[in-house]
Amino acid sequence: MGLFVDILLSGVAQGMVFAAVALGLVLISRATGTINFAQGAMGMFTTFIAFSLLTHGVGYWPAFVAALAMGFVLGAVVERTLVRPLRGKPALNPVIVTIGLLIVLEGVAGSIWGNVARGFPAAFSQRGLVIGTTRVAFSHFDVFIVCAVAALVVAIVALFRWTDLGLRMRAAAFSPEVSQLLGVRVGRLFTLGWALACAAGSLAGLLVAPLSSFSPYYMDLNLVYGFTAAVLGGLLSPVGALVGGLVTGLAIAFVGGYVGPDLQPIAALALLLVVLMVRPQGLFGTTEVRRV
Amino acid sequence: MRFRRHRTTSRRWVVAAGASFAMLLATGGVAVGNAVAGSSVARTATTGVTNSQITIGATVPLTGPAAPGYSEIAPAMDAVFKWVNANGGIYGRKIKYIYLNDKYDPTTTATLTRKLVLTDHIFADVGSLGTPTDLAILKYLNTEKVPHLFIESGCNCWSTSKYPDTTGWEPPYTVTGKVLGYYIKTHFKGKKIGELYQDTEFGQDVMKGINLEVPSSSVVSKQTYDVTTLSGAMTTQMSALKAAGAQVVVMATIPAATALAILPAYSIGFLPQYVIDGVGADPPTVGPLLSSYTTAATHTKKEAAAATALLDGVITNLYQPPESTSSNPWIQVEKKILQKYTPTLWAQHGLDGNTEYGVALAYTFVQALQAAGKDLTRTSLMKAIDTKSKSFKTPGFVPLNYSKTVHYGFEGDEVAEFDPSAGTFTTPDGTWPDAKVVSPVYVTTVGSGPVTVYHGKEPGVPSTLRNSA
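Residue numbers (my numbering), protein chains in the order written: chain A, 4 to 295; chain B, 12 to 480.
Any given hint could be a false lead.
[Said to hold, decoys possible] Computed from the model, here is a short list of chain B residues facing chain A with C-beta under 7 Å:
#1 Tyr174
#2 Ser232
#3 Val238
#4 Asp386
[Stated by the list, open to error] Computed Cβ-Cβ distance ranges for the label pairs, DEER-style:
#5 A:Ser55 x B:Gly441: 41 to 47 Å
#6 A:Val146 x B:Lys468: 55 to 61 Å
#7 B:Gly460 x A:Val98: 54 to 60 Å
[As the list claims (entries may be wrong)] According to the in silico footprint, chain A covers these stretches of chain B (three or more CB under 8 Å from chain A):
#8 240 to 250
#9 271 to 284
Because the hints were derived from the structure by calculation, they are not lab data. Where is the CB? At the ideal position from N, CA and C, for every residue including glycine.
One chain only, chain B, in its complex shape:
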């Protein structure tokens, strides 16, 4: 009996000793961490934030079918963070941006996001790209209370009370659809409308906006495509739109799909007025895809010119200044940052729709960090976005519109036409027609509310940015 008791006691002692040793290790760890950081315990308690660094992450397609164009955004964002770091960081903290390649595959997105949270201990997920991909991590990040910020997608689904740690950034697709629909309704009255859209939330949300504005009796044909199998010319869809007599074709397409639609349409002699959602209308992104007509040795010069001119006269929407306006101070600053902090990307693409997007989005995050203040926590960051975003300075035509209940971002834009007579601009990918503004800036909501003209002033470039870039 005694012997057994003794053993029991001995085992207890071992357990107790083990536990206190573990505690010693744990507290020791904190103590060492504090010694290095030289600061209070409360601050180091926020995951991904130390006194000298903020670690953030994202999942983006760097290879695969969705990569063309979109693979430029994260490196462009990183250029902004490098500019921040070169200028002393934010409250002394430098930004470390870890972006991983999910190839636009939601399963991979889910795996990599768990890695970012569990292994890399990110403070926030910033600028992850895509609707299906971000839907795959929405619930997880909200459960873990990791801010899921500025998603690179205009899905209507980023603003719900169920997921308070998630926010969109670019205008919701239904808002861009409503503005384009309003323009069609007022400028192409009585014309037959055809629709071509990607059969996902992106295309459906844009068309929801279009159909809220355009009378349904004027829509003669609705065509779709499947993005997962997109590889060949969409001859069948364009033939159907031609057969239905469409005079105006509205498209919600990604850049590759735009080219694969307007090329075969041209081939069958179908030249309608195109109205293309901004996602798939950026000339330096779509233009190279049209090069198949310009490089063939056996083509006549006349034909090659006709093919490259397919983007002329296309109507689209813009929510920040087009890259062609070289006199715009935002555009000038964006070019400087890209040139200095990501020279490789700059040499390859210069300032196009994607690199411009990345710079503007990253600069939004930088201002959110500044607004959150010195004692940075996830709660203080979300609160700063919810309450102070309207005063953030961005290249956007309308202010960011985040609040406790609405998490979309920009909720307005303007309509523009690609018009070579207005001028041209050159990027490493070629020479493109300028975008001529053809409407005032509009604001509206994703619901059935009206489209109204926005009268506010565009914010200028903050002097800190202008002087240090």
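Here chain A stands alone, though its shape is the one from the complex:
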């Protein structure tokens, strides 16, 4: 019973982190129809910036906010300099560019901060909460993870549903040419989409770093799980990303706890394969024609 509860709770906390990664992928997919393979690496890079600030005596929360802001800026810069010039080219081109960016960011981070694995501080205590008389695998920090990602999802859904800006972003993604004719500045909205996505990636990076061996590569596996979550959720729906993240997190936690931890990545890939074969549009997707 104790083991079951521990696995369930740690699965939820992990799932929320995957949801944050998936959310970034979804935002970019909606904005420019691209899969951003550098999503994890961009989060890694901004978390290293926070790490630098922390080691120079800046407080945790200013560093946290600075990393999110840097994520926003990094996303915008990448869209303007690397992705924008490829508009109208084959869909594969920006995908290849993001893979290149992933390698470059990991290399640059390694040369600046070194390839040593370290620890990264958490916002709150990582000791498990005591429920009744037993200590469970769910800490104050895990509570913060759940709340932060849930708040992000609510904010993004609200942006798309109820704001003028969100409507324009959806229009620009749905039909860029028509939107442009109607006076929507499509390019700026694409930039905004990337900026928001990378801020979400930064949040994921900050949340998962204290649970990881913090090195330039610590987001690699999280990207695989986040990608599984995004596809599971339909690649276009923020709520889908959240549900996809939770399902992926719980699935790999239970596989790890009851079957064997070495089978976790295989379980994620199996999940991905089943979804793509049985329901390619994902749990929350609609059957529209998409280029991937």
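Go by the hints and put chain B onto chain A.
For chain B alone, coordinates are given in the frame of chain A:
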């Protein structure tokens, strides 16, 4: 007819002339080489050895997931070679050490090793790191008759008659496992044992040794992890060990995995007695990974202290003096060499488990070269290792044990506990508990033979090393 014959003859002449020209070039090359080296043909015939230089190579992870800690070893080895070169070399030959970054990827190891052999013409491969990586080049180096020496891995697989040019160096994992298992059997009688190990030869070989000593009825849970996907906290494994009621947890983990196991265990209120194989227990390597608990601004001081104290009381094995024993003459000499010949590395890490390992391993190779004598060939080097290694002076507690049939290296060690009340020591990475020795030095074999106490004396530091470092 005549015309054709003439042409044929002419073609033959061209071929013959070409061949003799090539021969002329070849012999000319040797002659020039001799003129520079000023020595006999026989000596220059050994690949990678001239009268003034010995070229050796290695593949090690300098970046990537396996790099933390391990990337320090090759530069530390190079410091020893620089010390040798500054003191006139070995029989007048200076050592050139080419170490390439394979990122712990066996495919890359295979490619880079071919480059070392074919392009750099190395005399020997010395101190390449890792089990899967060295397994990828084992056959190739033996086919090419390139000595494959002092592999940085304790896999049981380095000593076989099939690969006579390959040798291990550190104690085989099953030997360290048996010594730890023997200690558990005698000191934690009746306790429930849990196991956590890396699911590769490393973890399996250590646990083979543990399970040879510890009664199987006392083992309540066996957990593993996959090193290729290691990135997050091992909450599931530690929860399972907690649920099984393990009181003693034996771990065969690399440093990052140690931290990723004992941190979440602490989080869920699971504080067993840890027994950790020496590979993953070095405090200056594991300690910084635990810093996530100490740097958070919002943490209470009490909690931060509890997290950094997770290494206190951990039991591990040592086969050379711990870096904390500053009075030990070996430790003093090692510090001097690192400080003088690799100041950057020294400033970053000082003497920790990895830099100490590198210095000791390189010094073993230096003695092998000395023992091989002036007429250095690959055969004379292997013969020196097989017949004279027992008299090599190293910081190891037991002598090296190479012979024609056994190629492991050290085959014994002792058990120690990290005990802050015994003292602390400081490196650039922080302040760490001293290792307090809790057992005699044991020797044993990788097979089912007994674990016995070793009574021999530890060799002192040779005066040449002490005076010139």
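Index of numbered hints that the structure contradicts, given in increasing order:
Violated: hints 1, 2, 3, 4, 5.
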